[in-house]
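Taking the hints into account, I'd like the entire structure generated from these sequences.
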Amino acid sequence: MNKKAVPPYIGAAYYPELWPAEEVAADIQKMHDAGVNCVRVGEFAWARMEPEEGKFDFDWLKEVLDAMQAAGIAVILCTPTATPPKWLTDRYPETLRMYSNGKRAQFGGRCHVCKTSPVMREKNRIISQKLAEALGRHPAVIGWQLDNEIFHYDDGCFCPLCAAGFQSYLEKKYRTIEVLNRSWCTGRWSLTYRSFADVIPPRHDTWNHASLFVEWIRFQDETIISYIREQAEAIRPYTDAPIGTDMMVPLELSHEKMNADLDVVQINHYERAEQLADTAFLYDHLRPLKERPFWCTETQAGWNGSFFAANGPRPQGNCYVNTWLPIAKGGEMNEYWLWRAHPSGHELAHGAVLSTAGRPYEVAGEIRRAADDFAACRAFLKNTKVRSDIAVHCSATAALNYRFAPMAEGFDYRERLLRDFWAPFKHYNVDLIETSHPLEGYKVVFSPYLSTLEGDLKERILRWVEEGGTWIVGPMSDCMTDYAAKYTDAPYSCLEEIAGVYTRYQYLLPDPAIAAQFEDGSPLTLSLCYDAYELRGAAALATYTAGRFAGFTAVAERCIGAGRVIVLGGVPDADSLRALAGVLPVAAASDNVMLVSRSGEGIEGVIAIETENERGFVELEGVYEDVVTRARAAGRLELAPYSVTVLRKVEED
Amino acid sequence: MNKKAVPPYIGAAYYPELWPAEEVAADIQKMHDAGVNCVRVGEFAWARMEPEEGKFDFDWLKEVLDAMQAAGIAVILCTPTATPPKWLTDRYPETLRMYSNGKRAQFGGRCHVCKTSPVMREKNRIISQKLAEALGRHPAVIGWQLDNEIFHYDDGCFCPLCAAGFQSYLEKKYRTIEVLNRSWCTGRWSLTYRSFADVIPPRHDTWNHASLFVEWIRFQDETIISYIREQAEAIRPYTDAPIGTDMMVPLELSHEKMNADLDVVQINHYERAEQLADTAFLYDHLRPLKERPFWCTETQAGWNGSFFAANGPRPQGNCYVNTWLPIAKGGEMNEYWLWRAHPSGHELAHGAVLSTAGRPYEVAGEIRRAADDFAACRAFLKNTKVRSDIAVHCSATAALNYRFAPMAEGFDYRERLLRDFWAPFKHYNVDLIETSHPLEGYKVVFSPYLSTLEGDLKERILRWVEEGGTWIVGPMSDCMTDYAAKYTDAPYSCLEEIAGVYTRYQYLLPDPAIAAQFEDGSPLTLSLCYDAYELRGAAALATYTAGRFAGFTAVAERCIGAGRVIVLGGVPDADSLRALAGVLPVAAASDNVMLVSRSGEGIEGVIAIETENERGFVELEGVYEDVVTRARAAGRLELAPYSVTVLRKVEED
Amino acid sequence: MNKKAVPPYIGAAYYPELWPAEEVAADIQKMHDAGVNCVRVGEFAWARMEPEEGKFDFDWLKEVLDAMQAAGIAVILCTPTATPPKWLTDRYPETLRMYSNGKRAQFGGRCHVCKTSPVMREKNRIISQKLAEALGRHPAVIGWQLDNEIFHYDDGCFCPLCAAGFQSYLEKKYRTIEVLNRSWCTGRWSLTYRSFADVIPPRHDTWNHASLFVEWIRFQDETIISYIREQAEAIRPYTDAPIGTDMMVPLELSHEKMNADLDVVQINHYERAEQLADTAFLYDHLRPLKERPFWCTETQAGWNGSFFAANGPRPQGNCYVNTWLPIAKGGEMNEYWLWRAHPSGHELAHGAVLSTAGRPYEVAGEIRRAADDFAACRAFLKNTKVRSDIAVHCSATAALNYRFAPMAEGFDYRERLLRDFWAPFKHYNVDLIETSHPLEGYKVVFSPYLSTLEGDLKERILRWVEEGGTWIVGPMSDCMTDYAAKYTDAPYSCLEEIAGVYTRYQYLLPDPAIAAQFEDGSPLTLSLCYDAYELRGAAALATYTAGRFAGFTAVAERCIGAGRVIVLGGVPDADSLRALAGVLPVAAASDNVMLVSRSGEGIEGVIAIETENERGFVELEGVYEDVVTRARAAGRLELAPYSVTVLRKVEED
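Listed in order, the protein sequences are those of chains F, Y and H. Quick note: the first sequence uses UniProt numbering, first residue 1, plus one each step. Quick note: the second sequence uses UniProt numbering, first residue 1, plus one each step. Quick note: the third sequence uses UniProt numbering, first residue 1, plus one each step.
Simulated from the structure, these hints should not be mistaken for lab results.
The list makes no distinction among identical chains, and a pair is therefore deemed to hold if it is satisfied within one copy or across any two copies.
List of simulated lysine-lysine pairs, DSS-like, C-alpha gap at most 30 Å:
no.	residue 1	residue 2
1	Lys290	Lys3
2	Lys55	Lys130
3	Lys103	Lys86
4	Lys172	Lys86
5	Lys3	Lys130
6	Lys173	Lys86
7	Lys443	Lys385
Next comes the structure, spelled out in structure tokens:
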């Protein structure tokens, strides 16, 4: 059964270091029988790999990899750096993260180290390199995961080394303390710094300056990125497999920057069963980052839980769809967490594919079913990609700015972006692109809540507009520097000038939507925040008809070259948003269905995914073949609850 | 009026150290007039008893005891160790408890000392012995209370002495660090310990291992038990009165273990007025612990409160029933907290029998009425006991395991035990027994949520089943070691084998109840958690008819010898639970009425207690006499709101 | 345009230190155009005024003042002491406040200094004196504000200097430790102190004694008052302008004591738009403090906010009424916070008159409209004052006592006073007086929730009653010492004796109101707390007709000399309260309208203020002239939503 695993990969995390050899052998056999072709190992096993400082043991792991290889199961090797052993933190206590209250983290958890510490980085380098030397070219290994869910937990480490690093970071960015003082307007509250040494990490018990918060996190994130980069460099000489790190859902720690020097984009998510459709938001953001398909390295099989089961088990069928989603959306892997539930300790109540006793949970059947689908669709998936006419900007800078200066009460950048500007386009291919991403090839680009026009974005986007693009910008865009400072001459750095408007009034309030109407008299509503525009070269697209700004322009348009700029004074309702975009959907379908269009050399098709556990439909134009069942499909196609239908076009309508 | 007080005892806590002598005299007179025959004193008076280190003064207290004796009021003497004086904590700062954040408790509260500290223990021993020498044989003294509401507050003391004690505790239990590592599966997250010195107390700011938490609390509790035992030993040579300690409602700190070396079980509770019926859960748990009737040493007279009145005053009549409940349920004392409200400081807003100004609150009348009842019922109460056919296991180990590994979201062991398995039996005598308690004499034993089958319980219960017992076990029983580790070969250590079932699936979710039916087609529902059984020797008693496990067995039965084992896959509704038990109630009665059957040599009777402030009834079989009114009663007897009716059987029906 | 500004003053806070000179010039021009005639400056500008220790620079500020003067804008100069510069807290770290957890505040916020620190006080003295020397007689300066919103934040500073100061404070008040022990009843819990050095500041993580809390805050407040007094003394030689400090809404820090040595009462408030009417509670409390009209130094123009806009923007018209309220109620200034929104940092999302970009928000128009009104009403306002027949006691001692010993769950002294005893009198002039305030001139004095009869209040009030006053006292009055201790001989220190009642029972519960009736049979209800009185010389005014105290007296009256004392056993409904007062309103009006009667030499009038954004009316007796429109008004006058109508009486009806 020594068949080489090929994408799509399906599997789970496994912790062989916890189980006796005979249990491991039985578990690998069960994986094989369950349709699993890829497993993650090694993640937290530092104490087993280096039981004493400088004494390494990878033989046990080689045996596991050999057995995996024999069973046709590919392996992702993980560096164990998120959980240094007791000997390490005891001997080098500076490797433990310092909380903002001055206390060091306690041994006993995970992801609790200082990312600045030279000792920690050196120890990471050694264990990573040793692991790579030992197993980097093992035939089972198809990739690497560095560390685990790395992030600036609790706003990072507040140790003296980090404080010094922060000051260096600031000096590099602002050059002189006078520039920083002016930029942050520190004259307020007599906060004026005399030198960079005066700038101290913002403790949690203090009402601190928004710019200080923003830069502090940005420094922590740059440190994290270089921390991961060092591990990649330690491994690369000893392996040909792609290297990545399994990031999480938050947008603050830039997926784009972190992955710039890595080979494969990886994501962990623990979205609840009822968030199934929203999960795809992530995939639309990760797909544009690299040509290589992204990997979903962790997601929950049955339910989330640490010491108790939380969020309820997935309804029957939900796990099947969850397995398909990253693959349909352009990824090539879905790994569950975890293969077999733990016997004790943290997370003993988490869902898994097998129970602690080694018995399959119900979800095992759904994973098997998805694995069978993947086999049937392998060629179609390999030969097609997801390409989008619409892009929506999704910016780590905006996420960071709006975390510390949300401006509107309860404003959550990710949630609003998802709900207001991504969810309306579930029948479209949409790319959620970072601001550095090229614009070529898109017909429409949305830039909502894009606090800052970074780098040369303004120039690039204007060029792209002149060549025919439609840029729909706002609300709450171009209104801050990348350190959360507002502009003093206008509400925007350049938006009024570009869009040909003058912002007479602004306000943000959590009230119900306000009525407006398009020039043709058809109604729309706007919500969340409100700009009242006067026209200075633009044409009105929509005008407030109620509220304190009745009569003012709410949405304005200005033609530039072959394209146009549309500026949004608030958040339009979903229908109006789609109308403004002016692009056709993949097909007509019911609201509970997500559509993905895929195309390649001489081949195209559609994947229809029912995410709400209800009956749905799609209205096909042309004739298709169901890739799994081989049945023909045309016209209105009924879709079962929690179904995934892969349709290859066979002729035009 | 020097009449010796006899049970039932009724009274309150009193703090003579706070009042001038003339006020004390007036208060004692008022106690006598109010029907009080027992008072607790001394509890927090260390500063008065030992104003300077080594200088003792008990004369003032002897005068109080003399006056009590003269008034026919018995006294419970309390050791004052919950509140060491300023000279003690100043001179020996290690006696103050260390919080998990490393700070010592501040002088100014109570119950804030380190239980490991040798100095604290020595000072306790001295003051307790001196007090006992001075007053241990005073004729007014009928008992002792050690310390006050001792508990592992905030998970106990985190000082270096406690850390060292914890390591010794672990070494004694696990013998080698390898055994501990294997037992706790510390390979996970590289937590592997190199020696017991590596195991550090689990700080609150850290995501720690469930087994570490469980054992930490168990260590704290063992320390507390030995701390109390030392006080008992210091006193015993100087007194003949029974010694106890006034514990609280939580089940984690084992009432059984704490009382093993003490003479009289004591309980403090501050249940709110609307929890009146639930209060009896405690009494059913305490009664089986010793032959000697338990003492209710504290309960609230009017309302709870520290700096403000909370939980509202008891409705009229509620205090009367609350006074009766422990007596009806087999105790011999009910003491209120407190006799006279404080003039200032903490708890100045707490309810009492007299106001700060010495004026009786309304509840004084209800207490007087209960005292009169007790006088009328004294012989009946003395000559009868509460004996039960049904036992329900109530385990400190399960309470501790499920605190740190609750498995189901929001699962509260005590609350679920009370609500799901005790409350349905309000018309029955039920003993809530620890797992060490003998099983002989019970017809039915329930073991729900019994995480661990400790010691020889398995053997003892199987023997008892073979001899004819009905063991109704589950859900969530036999599924963990006593340190919250799951089993790796089956969900249960032995339950499948004993009950003849195979657990195909399990899950826990907070959804509405799921429908099932008994073999005869009658319906039941199950809730909280769900096992889907396949039969391996058992017979199905009930089968799921809906949900994802429809068709699987939900409740199974297996006959063993003259008895049987019934395994519950979930929580049955109350009617079904009673049907499964197959035991008759004391009598038929309305839902708002609690019934207690009492019997003795040639005497039996029933106490009917209305707890919901509504009219109710009981259907008597046979003819009874109301012990208070001397009226005859038979057939359907109407019960007034908040009434207690004591009925002695005079002839069979 | 160099016209001298005269009251009423209208304007905003301005921070010229944050803006380039040309922006400042433009801003001053915009102020002038907007009707602003008074601006606050300097508040947080210490780093600009003293960039290095001992090097002072006020030239920049003089230029600002010159420009203001030229524009006819008066200036309030602020000392910058709430925000010491980095050099100061770095060199003298003891100037930073110590939290109760032992950590010093972090540089980066405001109002975070130790008020005891001699260094801090000396540095304050120097900067204040230097500022006064430089600009104290500048013609633009019409007043001084010391520090900013000074308060015992988080219960003040817990540093060793403050601990020592606290002990001195206690020694001065209680003289011997035995007196303190007896007063606080420290025998309870063995808290007995051996000397004043034993009394340590009450940490937040400890369950501490109510008296300890109360005295701790009182010490902090006395320290704050002397801290402010020192600043006033440093300035006074160099200025003729009145000096004050801008206090906040809480009542604990006594407005009366703080202002005793200052010249002008100042208030900052950030009440939400929907609290518009309640804002006047403050003004009724501040007006009686001094003959000189009070200043409203801060209030929000559009919305509150720090990093996000909170509480929503003011509805259109709300800001206009908010501008008028302090003026109508007897003040002479309303200053908004702030003139121009900040460019970054803390509070960048706060509402303002101009946006960061220097564009007027909508509220600018409403402020302009109020400024025009003020011009029209200047003579009327100057020549009339607000005089009241009714006073309600409003006591810092009661606020402090009831914070730490609230007795009833959720009891909030300020909120209850406002809601229960002030709000029912919105058609009356009412003074909210401190207990030290003279009683002469009032017909009726209410003393509800007045925990303590301080100083000679009892004697003064009895004398005033004898001369014809009506004293309506209770509930929850005269029941505690000023350190939150209850009386041991009666629930009250003297109230039973004065009122001729005996309190048979008391309780506090959060239930719905309880029914009672007046002697003539008309109904009333009582709520919150309940005294059940027996008559001992008083006459019953109202008797409970339901609940547990049915039949007991609820409200009693006793005539003394020409006056009478009415004691309230609970909180009467508003109609009954007005009936008990027996005073006529200013006029009849709808519930949404607030009326203020103003009178002077040969002139009287009424201001009618609609606060709920609805139509309303007032029924005039006599003939009036609208001072703004010059229109005649008589009989029923309809009032527009959010309108302010100033009516001068021209003839009797």
